[in-house]
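Q: Chain A is already provided as a structure; the job is to place chain B on it using the hints.
Residue numbers (this note's numbering), protein chains in the order written: chain A, 1302 to 1658; chain B, 53 to 332.
Just so you know, these hints were derived from the structure itself, not from any lab. Heads up, a few of these hints could be off.
Said to hold, decoys possible - In silico lysine-lysine, DSBU-like type, Cα no more than 30 Å apart, as pairs: (1) A:Lys1515 to B:Lys150; (2) A:Lys1457 to B:Lys152; (3) A:Lys1307 to B:Lys146; (4) A:Lys1423 to A:Lys1457; (5) A:Lys1307 to A:Lys1515; (6) A:Lys1513 to B:Lys152; (7) B:Lys150 to A:Lys1307; (8) A:Lys1432 to A:Lys1471; (9) B:Lys101 to A:Lys1513; (10) B:Lys150 to A:Lys1513.
Stated by the list, open to error - Here are some chain A residues the structure puts well away from chain B; computed CB gaps all over 12 Å: (11) Gly1339; (12) Leu1352; (13) Asn1376; (14) Gln1403; (15) Met1427; (16) Trp1479; (17) Val1602.
Just so you know, even glycine gets a beta-carbon here, dropped at the ideal spot from N, CA and C.
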Amino acid sequence: MSIEIKNITKRFPGYTALDDITLSVGTGDLVALLGPSGCGKTTLLRIIAGLETADSGRIILEDRDTTHLQPREKNVGFVFQHYALFRRLNVFDNVAFGLNVQPAGRRPSKNEIRDRVEHLLKLVQMDWALKRYPSQLSGGQRQRVALARALAVNPKVLLLDEPFSALDAKVRQELRRWLRKLHDDLHVTSIFVTHDQEEALELADRIVVINKGKIEQQGSPREVYDHPANAFVYNFIGNVNVFHGRIRNGKVLIGDSEIEAGDGVAQHDEKPGQIFVRPHEIGISRIRSGSGDVAGTINNVRLMGGQIGLELTCEGFESPIEAHIPRELWLNLELERGAEVFVTLDRVKVFTGEYEI
Amino acid sequence: MPTNRTQKLPRHKSDPPAVQALLVLLTILFFAAFIFMPLALVFAEGFRKGFDLYLAAILEPYALAALKLTLLTAAIVVPLNAVFGVTAAWAISKFSFKGKTLLVSLLDLPFAVSPVIAGLIFVLLAGSRTGFGSWLGDHGIKIIFSTPGIVIATLFVTFPFVARELIPLMEAQGREEEEAAITLGARGWQVFSVITLPNIRWGLMYGMILCTARSIGEFGAVSVVSGHIRGMTNTIPLHVEILYSEYNYTASFAVASILVFLALATIAVKSLLEERVHDH
Chain A
1302 MSIEIKNITK RFPGYTALDD ITLSVGTGDL VALLGPSGCG KTTLLRIIAG LETADSGRII
1362 LEDRDTTHLQ PREKNVGFVF QHYALFRRLN VFDNVAFGLN VQPAGRRPSK NEIRDRVEHL
1422 LKLVQMDWAL KRYPSQLSGG QRQRVALARA LAVNPKVLLL DEPFSALDAK VRQELRRWLR
1482 KLHDDLHVTS IFVTHDQEEA LELADRIVVI NKGKIEQQGS PREVYDHPAN AFVYNFIGNV
1542 NVFHGRIRNG KVLIGDSEIE AGDGVAQHDE KPGQIFVRPH EIGISRIRSG SGDVAGTINN
1602 VRLMGGQIGL ELTCEGFESP IEAHIPRELW LNLELERGAE VFVTLDRVKV FTGEYEI
Chain B
53 MPTNRTQKLP RHKSDPPAVQ ALLVLLTILF FAAFIFMPLA LVFAEGFRKG FDLYLAAILE
113 PYALAALKLT LLTAAIVVPL NAVFGVTAAW AISKFSFKGK TLLVSLLDLP FAVSPVIAGL
173 IFVLLAGSRT GFGSWLGDHG IKIIFSTPGI VIATLFVTFP FVARELIPLM EAQGREEEEA
233 AITLGARGWQ VFSVITLPNI RWGLMYGMIL CTARSIGEFG AVSVVSGHIR GMTNTIPLHV
293 EILYSEYNYT ASFAVASILV FLALATIAVK SLLEERVHDH
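Chain A extracted, bound-state conformation (with noise of 0.2 Å):
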């Protein structure tokens, strides 16, 4: 089911949680709500399940208006962050609430709905845990079953509030990578709520990214990852090093050293700007290749499994710049501390707006 949210705007007393919000989602897509903390994104989700309403805007659900809906009358299903279990019903019956809450004529019958529990349970892992109950299952089981919960009523959105983010490290991992399957398994249109860039990066077939209650940017993860549109969308996706300099002439001016601006910049008379690099995009060697090149000493190495970390200072650098290098390269280079190196930036972005970091 294709969603449209049109206009959207919701405000608290003393500030605007999302203001003149319009997405559309289309049929079987799986879209990342992404931003920092109090962003709106919750706000947004919520809005379309119906656990708020919008101060204007609406809700389009396959062309049928729900935005003044009961959200039983949505037929969404709704995934929380912490769960949301029932605490007094063990597994099977907090899958087969859904189906035991319809009303008299439209209720399965109890075969029906034990086959779809148990069906529904099988799928995602959890069809030995029947009897037990939410206090004895860990976080990743628990979120499973309340998937599997979700959708026992055959919703036609599923969405998820940040659905990993109260789970550990490892546990994340699996389950993302499993809920991307589940999803191609199934192709529920879901719109999921994230912080975590990237989660998003993996997950999503698009990402919106939110910020202040605004879209800043929406497209594939490798629009977003490639293209950014503006400087917070940058620094917010992947990691980058920010830093000040002038620009002029399609180039950067940092100390002594001019280096090739990258695209969109043609500039006649000086400006200052915010110059982005990410630190994979970062050439390292022991002798200076081209004119580009800044000098540099490193300050640390960090090892993080298979690539480096290194933190340079550089010449005409207001702050050390992280770079990351594949293990082997450092190895090749026998690179420690207090190294002389010099340094390619080959990909800078540059945003002269309003953004600071």
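A: Using the frame of chain A, we list chain B on its own:
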């Protein structure tokens, strides 16, 4: 549901044995002096003139009428206040609305007001001197100096118990389970009966027990409102006072011991219910 297993704290985390013993001793002394002894004295005084007199005092018609009225009042007041309390706690903890803080403060009003004043309020409100009171009189509705007055005064005085017990409980439990239930298609009353009520049942039970105990023992408000008409508008506490003021000490202690029995019965019910909690 899994059972709780209490574990002994390791030595370095608990108080030294001497301190523990001292605290326990102090607690026992406090209970002995202020609770056990007075209760024991009530029975001792009641039986002073022998068992026959004790029985006679209890089975005396006016005493029985007072017992009936006390129990009837409790039987009306407790369910009503349970409903009011659950409703108020539900509204306060699950919803946000204008005037919520005011409502919460109002809930404490019966505690802040002296019971005697509470009784006076109703006397003034419904007594024959006011417009409302004379209207009631014209229609033959007796509130003051009659059972309805006693019930209303007791209702007022015991109102906050259930609500105050439930509000922190329901606020701590949050709204998420209820929200999950409505997204799954449950209607309001289904959410309440299947999700909310089971979650609060022990708090509700405890609040109702407190309410029962208080309504049985209420003196001040009922005293003002009742008119002390023997056999008709006397509750047990009032009857005890009447007997005592007539220098009928033994009888008054004998009747007072009924109150003690009722209190002990209430506590026994509470303990039985608590056992159930740990069983399932």
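Q: Hint by hint, say whether it matches the structure.
A: To see whether the hints hold, each was checked on the structure:
no. : hint                   : in the structure
1   : A:Lys1515 to B:Lys150  : holds (29 Å)
2   : A:Lys1457 to B:Lys152  : violated (36 Å)
3   : A:Lys1307 to B:Lys146  : holds (29 Å)
4   : A:Lys1423 to A:Lys1457 : holds (21 Å)
5   : A:Lys1307 to A:Lys1515 : holds (13 Å)
6   : A:Lys1513 to B:Lys152  : holds (29 Å)
7   : B:Lys150 to A:Lys1307  : holds (29 Å)
8   : A:Lys1432 to A:Lys1471 : holds (26 Å)
9   : B:Lys101 to A:Lys1513  : violated (82 Å)
10  : B:Lys150 to A:Lys1513  : holds (27 Å)
11  : Gly1339                : holds (18 Å)
12  : Leu1352                : violated (6 Å)
13  : Asn1376                : violated (8 Å)
14  : Gln1403                : violated (6 Å)
15  : Met1427                : holds (17 Å)
16  : Trp1479                : holds (21 Å)
17  : Val1602                : holds (42 Å)
Figure legend: structure checked against the earlier numbered hints; hints not met, in rising order: 2, 9, 12, 13 and 14.
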